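Student: Chains as they are written, first to last, in our numbering: chain S, 60 to 173; chain U, 9 to 119.
None of these hints come from the bench; they were simulated from the model. It is possible that some hints are incorrect.
What the hints assert, rightly or not - Below, simulated EDC-like cross-link-like pairs (lysine to aspartate or glutamate); rule was C-alpha separation at most 16 Å, straight line:
1. Lys130/S <-> Glu111/S
2. Lys116/S <-> Glu137/S
3. Lys106/U <-> Asp156/S
4. Lys78/U <-> Glu62/U
5. Lys106/U <-> Glu103/S
6. Lys106/U <-> Glu115/S
7. Lys65/U <-> Glu23/U
8. Lys44/U <-> Glu161/S
9. Lys64/U <-> Glu75/U
10. Lys67/U <-> Asp26/U
11. Lys106/U <-> Glu161/S
12. Lys70/S <-> Glu142/S
13. Lys70/S <-> Asp145/S
14. Lys44/U <-> Asp91/U
15. Lys130/S <-> Glu87/S
Since the structure is predicted, the reported quantities are computational estimates derived from the model, not experimental observations.
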Amino acid sequence: DTGVSQDPRHKITKRGQNVTFRCDPISEHNRLYWYRQTLGQGPEFLTYFQNEAQLEKSRLLSDRFSAERPKGSFSTLEIQRTEQGDSAMYLCASSHDGLNTEAFFGQGTRLTVV
Amino acid sequence: GQQVMQIPQYQHVQEGEDFTTYCNSSTTLSNIQWYKQRPGGHPVFLIQLVKSGEVKKQKRLTFQFGEAKKNSSLHITATQTTDVGTYFCAGDGGATNKLIFGTGTLLAVQP
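All chains should be built: construct the whole structure from the sequences, respecting the hints.
Tutor: Structure representation (structure tokens):
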């Protein structure tokens, strides 16, 4: 296991379509995060899993966004009825729980909604 | 909700000058982490501070965690062109200990 992997790396979709992204965390990590980042901004927290439990979802997040981590391993992030404002880099990160919570990031999925 | 702010947003220095970025959280943090993101890359972990008043050094980088565990700073001595990038602090706190990133400071170093 060499790190966090995300798929796809790039996605172009038409407005109104649904998209799904996948994240495979480092295998022994029980925390998994989804962030969204736009140019010149910091990673914006979207949601967070501890094993298979979704502990928190950003209040800023529309109901069009949903995430799962069914077996506590990989996770998916789905965006329904995409809008142009959803265009961003979607980053996944994983970490241990406990004292050392260093987050390891994937390369991200760049979404462009046209 | 919890917010983590950084100043300045942008700093341009001549190579060899020092650089400092400051991080402030609206809530007390259980720990503070620092990350560096190169242009076109993803955030990469630099360090974690846990104790109140803690100071850690990594070569030319010095990290501090405030006494109240609500603020932190990163100081780079004698910047080099390889230091270019955006530096983010990230706080681990709140009811679920989620990791919240600061707004970032973009460092540009002129040779």
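Student: Hints first: check each against the structure and report whether it holds.
Tutor: Hint check:
{"no.": "1", "hint": "Lys130/S <-> Glu111/S", "verdict": "holds, 6 Å"}
{"no.": "2", "hint": "Lys116/S <-> Glu137/S", "verdict": "holds, 14 Å"}
{"no.": "3", "hint": "Lys106/U <-> Asp156/S", "verdict": "holds, 11 Å"}
{"no.": "4", "hint": "Lys78/U <-> Glu62/U", "verdict": "holds, 12 Å"}
{"no.": "5", "hint": "Lys106/U <-> Glu103/S", "verdict": "holds, 12 Å"}
{"no.": "6", "hint": "Lys106/U <-> Glu115/S", "verdict": "holds, 8 Å"}
{"no.": "7", "hint": "Lys65/U <-> Glu23/U", "verdict": "violated, 20 Å"}
{"no.": "8", "hint": "Lys44/U <-> Glu161/S", "verdict": "holds, 13 Å"}
{"no.": "9", "hint": "Lys64/U <-> Glu75/U", "verdict": "holds, 14 Å"}
{"no.": "10", "hint": "Lys67/U <-> Asp26/U", "verdict": "holds, 13 Å"}
{"no.": "11", "hint": "Lys106/U <-> Glu161/S", "verdict": "holds, 12 Å"}
{"no.": "12", "hint": "Lys70/S <-> Glu142/S", "verdict": "holds, 14 Å"}
{"no.": "13", "hint": "Lys70/S <-> Asp145/S", "verdict": "holds, 12 Å"}
{"no.": "14", "hint": "Lys44/U <-> Asp91/U", "verdict": "holds, 9 Å"}
{"no.": "15", "hint": "Lys130/S <-> Glu87/S", "verdict": "holds, 13 Å"}
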